[in-house]
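Asker: Chains as they are written, first to last, in my numbering: chain A, 310 to 421; chain B, 6 to 119.
Since the hints were derived computationally from the structure, they do not count as laboratory data.
Some clues are possibly wrong.
[As the list claims (entries may be wrong)] Footprint (simulated), chain B over chain A, 3 or more residues, beta carbon under 8 Å: (1) 388 to 395; (2) 407 to 421.
[What the hints assert, rightly or not] With a straight-line Cα cutoff of 20 Å, these simulated EDC-like cross-link-like pairs (lysine to aspartate or glutamate) come out: (3) Lys420(A) x Glu324(A); (4) Lys358(A) x Asp61(B); (5) Lys23(B) x Glu35(B); (6) Lys23(B) x Glu6(B); (7) Lys62(B) x Asp408(A); (8) Lys367(A) x Glu75(B); (9) Lys367(A) x Glu325(A).
[To be verified] Simulated restraints on C-beta separations: (10) Pro349(A) x Ser72(B): 17 to 23 Å; (11) Val338(A) x Lys70(B): 28 to 34 Å; (12) Ser85(B) x Pro349(A): 27 to 33 Å; (13) Ser87(B) x Pro349(A): 26 to 32 Å; (14) Lys74(B) x Arg386(A): 27 to 33 Å; (15) Asp61(B) x Ser389(A): 30 to 36 Å; (16) Thr117(B) x Ser363(A): 40 to 46 Å; (17) Thr314(A) x Pro66(B): 44 to 50 Å; (18) Pro112(B) x Ala326(A): 39 to 45 Å; (19) Thr18(B) x Ser363(A): 31 to 37 Å; (20) Gln8(B) x Ser363(A): 14 to 20 Å; (21) Lys74(B) x Ser389(A): 47 to 53 Å.
Just so you know, even glycine gets a beta-carbon here, dropped at the ideal spot from N, CA and C.
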Amino acid sequence: AQSVTQLDSQVPVFEEAPVELRCNYSSSVSVYLFWYVQYPNQGLQLLLKYLSGSTLVKGINGFEAEFNKSQTSFHLRKPSVHISDTAEYFCAVRRENNDMRFGAGTRLTVKP
Amino acid sequence: EAQVTQNPRYLITVTGKKLTVTCSQNMNHEYMSWYRQDPGLGLRQIYYSMNVEVTDKGDVPEGYKVSRKEKRNFPLILESPSPNQTSLYFCASSLSIGLPLEQYFGPGTRLTVT
Numbered sequence: 310a311q312s313v314t315q316l317d318s319q320v321p322v323f324e325e326a327p328v329e330l331r332c333n334y335s336s337s338v339s340v341y342l343f344w345y346v347q348y349p350n351q352g353l354q355l356l357l358k359y360l361s362g363s364t365l366v367k368g369i370n371g372f373e374a375e376f377n378k379s380q381t382s383f384h385l386r387k388p389s390v391h392i393s394d395t396a397e398y399f400c401a402v403r404r405e406n407n408d409m410r411f412g413a414g415t416r417l418t419v420k421p
Numbered sequence: 006e007a008q009v010t011q012n013p014r015y016l017i018t019v020t021g022k023k024l025t026v027t028c029s030q031n032m033n034h035e036y037m038s039w040y041r042q043d044p045g046l047g048l049r050q051i052y053y054s055m056n057v058e059v060t061d062k063g064d065v066p067e068g069y070k071v072s073r074k075e076k077r078n079f080p081l082i083l084e085s086p087s088p089n090q091t092s093l094y095f096c097a098s099s100l101s102i103g104l105p106l107e108q109y110f111g112p113g114t115r116l117t118v119t
C-alpha cells in the first residue's frame, strides 16, 4: 500500500521569506502527485500536479514543486510568501487504479 | 460552472438519528469519493464509486453507507451516527480514466454528533 508523509505538521514563516513544505511518498509503482491547498473554511483546491515529463512543476499563486524519483519526494516551494498563503497544504498521490492517498497536512502560517 | 456541491454545509445532530449528506457533481465524472478530515490525520477515504451502481469501501467505512444510483449523485448515509463521527466531510469527483486526473472537491460538510 502506498502512503504519504508530510514531514512538518506546522510551518511558521515571516512574510516575503521562502518556504518549503516537504512530502515523501512510498510506492513501488508509478504514481501521479498533487498538492492541494485548503484555505480556512473552504474545500480543497488544486495547486499543482505532476503526471510525467519535467520534474519541476509550476502551479498557481507562485508555487512550484520538484519530483524526485530516487528520493520519492515531491516538495513544495515558494520563493516569497504572502500573508494570503496562510492555509493548510496537502500532498497526495494517485495510482492508475484511482486509489488516492493524502498526507496529514502542513499548516503554513505566514506572519507579518 | 463546473462544481461539486454538498448539502448541508453544517449539521448538528444527536446520537442515533439517521442522516444523509448529499453530493452532486455536474462534470459527468465517473469516479466519486467521500473523505473525512480530522486534525492531524489529513483526509481519509470512507467510500468511493467507480461508476453507477459500483461502490467500494475506503479506509474508514465503518458506520457509513453510500449509494450511486445516478452518475451525478453520491449521498453519504449515517444510519446511526455516533460522536466519533463528528468531523469535516468532503465529497470529491474525477474522471476514471484520461486527463485531468485530479479530484475536484466540494466545499465540505461540518458534522457534529452530540
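Asker: All hints are to be evaluated individually against the structure, with a verdict given for each.
Answerer: Going down the list of hints, with the structure as the test:
{"no.": "1", "hint": "388 to 395", "verdict": "violated (count 0)"}
{"no.": "2", "hint": "407 to 421", "verdict": "holds (count 6)"}
{"no.": "3", "hint": "Lys420(A) x Glu324(A)", "verdict": "6 Å, holds"}
{"no.": "4", "hint": "Lys358(A) x Asp61(B)", "verdict": "26 Å, violated"}
{"no.": "5", "hint": "Lys23(B) x Glu35(B)", "verdict": "27 Å, violated"}
{"no.": "6", "hint": "Lys23(B) x Glu6(B)", "verdict": "32 Å, violated"}
{"no.": "7", "hint": "Lys62(B) x Asp408(A)", "verdict": "11 Å, holds"}
{"no.": "8", "hint": "Lys367(A) x Glu75(B)", "verdict": "36 Å, violated"}
{"no.": "9", "hint": "Lys367(A) x Glu325(A)", "verdict": "19 Å, holds"}
{"no.": "10", "hint": "Pro349(A) x Ser72(B): 17 to 23 Å", "verdict": "32 Å, violated"}
{"no.": "11", "hint": "Val338(A) x Lys70(B): 28 to 34 Å", "verdict": "31 Å, holds"}
{"no.": "12", "hint": "Ser85(B) x Pro349(A): 27 to 33 Å", "verdict": "32 Å, holds"}
{"no.": "13", "hint": "Ser87(B) x Pro349(A): 26 to 32 Å", "verdict": "27 Å, holds"}
{"no.": "14", "hint": "Lys74(B) x Arg386(A): 27 to 33 Å", "verdict": "44 Å, violated"}
{"no.": "15", "hint": "Asp61(B) x Ser389(A): 30 to 36 Å", "verdict": "44 Å, violated"}
{"no.": "16", "hint": "Thr117(B) x Ser363(A): 40 to 46 Å", "verdict": "45 Å, holds"}
{"no.": "17", "hint": "Thr314(A) x Pro66(B): 44 to 50 Å", "verdict": "24 Å, violated"}
{"no.": "18", "hint": "Pro112(B) x Ala326(A): 39 to 45 Å", "verdict": "31 Å, violated"}
{"no.": "19", "hint": "Thr18(B) x Ser363(A): 31 to 37 Å", "verdict": "49 Å, violated"}
{"no.": "20", "hint": "Gln8(B) x Ser363(A): 14 to 20 Å", "verdict": "30 Å, violated"}
{"no.": "21", "hint": "Lys74(B) x Ser389(A): 47 to 53 Å", "verdict": "49 Å, holds"}
Violated hints, listed in ascending order, are 1, 4, 5, 6, 8, 10, 14, 15, 17, 18, 19 and 20; each of the other numbered hints is respected by the structure.
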